[in-house]
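Counting from 4, one number per residue, gives the positions in the sequence shown under the numbering used here.
It cannot be assumed that every hint is accurate.
What the hints assert, rightly or not - Distance condition first, Cα-Cα at most 27 Å in a straight line; then the derived DSSO-like pairs of lysine-lysine:
no. : residue 1 : residue 2
1   : K220      : K156
2   : K132      : K220
3   : K132      : K173
4   : K173      : K94
5   : K132      : K94
6   : K132      : K29
7   : K156      : K173
What the hints assert, rightly or not - Quick list of simulated restraints, FRET-style, between CB atoms:
no. : residue 1 : residue 2 : range
8   : Q174      : S127      : 21 to 27 Å
9   : Q174      : A218      : 37 to 43 Å
10  : G11       : A123      : 42 to 48 Å
11  : S127      : L28       : 50 to 56 Å
12  : L28       : D185      : 19 to 25 Å
Source of the hints: derived by calculation from the structure; they are not laboratory data.
The structure presented is a predicted model; accordingly, all values stated were derived computationally and were not measured.
C-beta: ideal position from N, C-alpha, C; glycine also.
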Amino acid sequence: MALLIETGLSDWMSDSDIARDVRALKPGLDVRTPATIGDPSDITMIALAGLSDDQLARLPNLQLVQKLGAGVETIVGNPNLPDHVRVTRLKPDAPAQGIAEWFVAYILRQQRNMPFHEAAQYRSEWSPKAPLYSPDTVVGVLGLGHIGARSAKMLRAVGFQVMGWSRSPKQIEGVTCLHGEDALPDLLSACDHVCAILPSTPQTVGLFGPDMLAAMKPGSQLLNAGRGDLIDEAALITALDQGTPGRAVLDVTRTEPLPADSPLWTHPGVTITPHVSGWHLGDALHDVAENFERLNSGAPLLHEVDRARGY
4 MALLIETGLS DWMSDSDIAR DVRALKPGLD VRTPATIGDP SDITMIALAG
54 LSDDQLARLP NLQLVQKLGA GVETIVGNPN LPDHVRVTRL KPDAPAQGIA
104 EWFVAYILRQ QRNMPFHEAA QYRSEWSPKA PLYSPDTVVG VLGLGHIGAR
154 SAKMLRAVGF QVMGWSRSPK QIEGVTCLHG EDALPDLLSA CDHVCAILPS
204 TPQTVGLFGP DMLAAMKPGS QLLNAGRGDL IDEAALITAL DQGTPGRAVL
254 DVTRTEPLPA DSPLWTHPGV TITPHVSGWH LGDALHDVAE NFERLNSGAP
304 LLHEVDRARG Y
């Protein structure tokens, strides 16, 4: 039994660095990379960012796919993934902290008129403009799981009024929590900033289509660090042109990397970041090593995904 580290990414941490860190956590584990894979039939677990059909074809004895992140829709939605292969994801603190910071940073950028002052400096103009007052600002967080709850608490600590939305009831101190599909339009209409951190499921794909975008407060800001397919991007462009919402900050898009000819790159109401909000894994590699040991011993896995539900 061996664990293969094969992220499939060239612009993140290297496979060899991750393998080194996992070995350091649990000395004696058989941890391999594509460069040291040896016999592919030895591999029973793979840790990755995105699953490919090539990986499935090369690993005949695969038992567990460990996502090095939270979103697993492309894994559980792969029709070639055998029924017996289990899927786990990470719920680490470091990316949750990073995503919460990303939300706070881009909200404060608007609150403090940073784009306005940067443009004024470029023109050598001394142009005072009153910042918005945080206690009068309402921020909504869509998705109140591990990451969303962390984001809601951080935004509340900054001083914003915070509303949260989830499909099932949740309680977070200091946060007005709503739930259920019928409650979402009311939340959107009340919020100056909306932070989306929802998973990709049949119920959320295309959630931000023309109707939900129209329900948003005019001039508000939509921030998405969840999954790219939450937003109908053509509908978003139309909505931005109409001022509802007024801005969008996107760390995720339907196609990644975002194609060079996408109108999102050049739209004045859009800010793009290249899927960097939850960059660091922190101590999450402990869970990767632990799941490999649990797989080998038959113990319950950490953060196992219900493949039928998609999360």
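Hints, one by one, checked against the model:
Proposed proximity of K220 and K156 is supported: the alpha carbons are some 22 Å apart, at most 27 Å. Simply put, K132 and K220 have alpha-carbon atoms about 22 Å apart, close enough for the 27 Å limit, and the pair holds. A hinted pair counts as satisfied when its Cα atoms are at most 27 Å apart, and K132 with K173 does not qualify at roughly 38 Å. At most 27 Å may separate the alpha-carbon atoms for a hinted pair to count; K173 and K94 meet this at roughly 18 Å.
Restraint check for K132 and K94: the C-alpha separation of about 41 Å exceeds 27 Å, so the hint is violated. For the proposed pair K132 and K29, the alpha carbon gap of about 55 Å is over 27 Å, so the pair is violated. Annotation: proposed proximity of K156 to K173 holds, straight-line Cα distance about 13 Å (limit 27 Å). For the hinted restraint 21 to 27 Å between Q174 and S127, the CB-CB distance of approximately 51 Å leaves it violated.
Taking 37 to 43 Å as the suggested C-beta distance range, the pair Q174 and A218 does not conform, at roughly 25 Å. G11 and A123 have their C-beta atoms about 44 Å apart, which keeps the hinted 42 to 48 Å range intact. Taking 50 to 56 Å as the suggested C-beta distance range, the pair S127 and L28 conforms, at roughly 54 Å. About 46 Å separates the C-beta atoms of L28 and D185, a value inconsistent with the hinted range of 19 to 25 Å.
In this structure, the earlier hints numbered 3, 5, 6, 8, 9 and 12 are contradicted, and the remaining ones agree with it.
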